[in-house]
Amino acid sequence: MSTSKTVLIVDDSRVSRLMARQYIAGLRAGWIVEEAGTGEEALIKARQVSPDLILMDVNMPGMGGIAAAEQLRQELPAVPISLLTANVQSATRERASALGIGFVGKPITEARIAQLLATLEA
Amino acid sequence: MFNLSELENDALIEIFNIGVGQAAASMSAIVNEAVRMSVPSISFIPRAEAARQLGKSAGLQERICGVSQHFAGAFETEAILMFPEDKSLEIVRLMVGEAVPLKELTEMEQEAMCEIGNIMLNSCVGTLANIFQHELQGSLPQYHVGTSDQILTAGGSQAASVVLMLHIDFVLERHQIHGYVAFVLDISALRDMKQQINLYIARAMGQGQG
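Residue numbers (this note's numbering), protein chains in the order written: chain A, 894 to 1015; chain B, 581 to 790.
If you are wondering where the hints come from, they were derived from the structure by calculation, not from laboratory data. No residue lacks a Cβ here, since even glycine has one placed at the ideal position from N, Cα and C. Some clues are possibly wrong.
[Unchecked claim] Pair ranges (Cβ atoms, derived):
1) I781/B / S897/A: 53 to 61 Å
2) R632/B / Q1008/A: 40 to 48 Å
3) A918/A / D749/B: 32 to 40 Å
4) V751/B / L969/A: 41 to 49 Å
5) Q717/B / I937/A: 36 to 44 Å
6) R783/B / L992/A: 22 to 30 Å
[Stated by the list, open to error] One-sided excerpt, in silico: chain B residues whose CB lies under 10 Å from chain A:
7) E670
8) V672
9) M675
10) G677
11) V680
12) M688
13) C694
14) N698
15) I699
16) S703
17) A709
18) Q713
19) L716
20) S719
21) L720
22) P721
Here chain B stands alone, though its shape is the one from the complex (with noise of 0.2 Å):
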């Protein structure tokens, strides 16, 4: 099993509490109104277990709308946006405005959620990026629906493969529209990670090599 000490665990909760609060400060641009956002929660689990909880947490017992992304570099990970699949088009609207007719929206909206996920998981990336001081290199955004284990699933993970889940919440203030971010790291990737942790703190403690 991974394990990681206190003060690790608590710099990952306060890298990604800093990356969360950049990909929020993006959403809220997009929207053009408040986003509030949970502080991430972290647990360590098999795949098929991730996708039970992000299901109940979510309240969704059936259909998501996700965007994920697959970035390398430093480590890798799965990061998916997810959206109730019935909010999307209010989330594009929001986007776009009042001034793209309903039927061209309606057309683009897989592109627009594309694009929204692809403005927030890179803003919540690249801040990790930036705080581990390695780049990391994104795919282009992938766009589906399905339950949260399909969701999962299409990152390639197997069901029993037991990842690092890290779960925010965010809800749009005014129209209350949940969403969820994941970050999914394979146990390979997570030593990769816990070695970019201890660089940081290494850092930060004065100790590192600039």
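Okay, chain A solo, but in the shape it has when bound (with noise of 0.2 Å):
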């Protein structure tokens, strides 16, 4: 049985964080989902709630999902980032991929949720 984590749902649009934390809630009952809508954002709750995953969209208001994620990598080194994200170009999957973070597009499903919370119990 695994024990409950902390999954931090980065996304400017509440109806993409209402499904993911929908799908989470579905899949890992018991589990916290913290919510963030902008990079800047992100950066205090994960320092506040010191999360097991951060999941993170790319483009949003402000500071945005790369540079959030740069950051991020740095503070919590040990904390597995992934972009989920409707940018699927190659430019974008190269970056995450330089940063050591993951990368899954957009929309949401249930699957896709379900392929990033099975990195933490692999």
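Using the hints, put the two chains back together into the complex; each one sits in its own frame.
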């Protein structure tokens, strides 16, 4: 049995956060889901809640997901981060790879969230 | 007037066909049902005429909800996803499922439509960028409601300016909801895209630089 973990969802779209939250709740009852709507909020939230996994949108107002992920990579080097984005361009995948973070394209589906959560239990 | 050779025109249609196929797959995953898309139609026409044709083909004399994104890089384009306004709540319901109460769903309708537009348009444009091997930077999605003319004007182009209108119809088969995707490029953007098409053709023929 898995112990409770905390997932931080960073996305400016409320509906995307809602969907990711619903899928996580269905797949891992008892896991804690925290949310941030911007890159700046993500930095603050991550320091507060010490997440076990960070799911990061790319195209957001203010600090984008790549910049936020880059900073979080330095602050929390042991925490897995994955982009979860509509931007499916090779250039974005390559940036993720260069930063040592994951990449999953939108739309958010249960199968894609399950794949991300499974990386914590591998 | 701007001209494309037969080969360039063919390549343009083929590239957008691939992009649209990816967008259809994304839309299908969002709403969990089959999505059928038409072959893109291309016309070089004044922006006002593009709006008139769009309204006519959509069978929409009244209001459309549209999500637009501006993309810049190897070429610039305004990409627009459009649905009949009265179908948007139904589409959002298909996206989020039955768990969300109607009041909350209504509150997040615009935001959800923006996210659907973001996913579909990026899916298509991202595929184009990968084919052209050049990154395209997208703006945040903008939500609009109005006539087809108002939606196309929201991108900032003048009524008399000539645009390339790439127009694709799609239908959610089970719910019979029709939508439309349009890409508007002005003459300058068109020249940039033509260059990219020719690089693509050269690569396809083994004459490219890699």
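Against the structure, the hints come out as follows:
no. : hint                         : result
1   : I781/B / S897/A: 53 to 61 Å  : holds (55 Å)
2   : R632/B / Q1008/A: 40 to 48 Å : holds (46 Å)
3   : A918/A / D749/B: 32 to 40 Å  : holds (37 Å)
4   : V751/B / L969/A: 41 to 49 Å  : holds (45 Å)
5   : Q717/B / I937/A: 36 to 44 Å  : violated (26 Å)
6   : R783/B / L992/A: 22 to 30 Å  : holds (29 Å)
7   : E670                         : violated (15 Å)
8   : V672                         : holds (8 Å)
9   : M675                         : holds (7 Å)
10  : G677                         : holds (8 Å)
11  : V680                         : holds (7 Å)
12  : M688                         : holds (5 Å)
13  : C694                         : holds (7 Å)
14  : N698                         : holds (5 Å)
15  : I699                         : holds (4 Å)
16  : S703                         : holds (6 Å)
17  : A709                         : holds (5 Å)
18  : Q713                         : holds (8 Å)
19  : L716                         : holds (7 Å)
20  : S719                         : holds (8 Å)
21  : L720                         : holds (6 Å)
22  : P721                         : holds (9 Å)
Going down the numbered hints, you'll see the structure goes against 5, 7, while the others check out.
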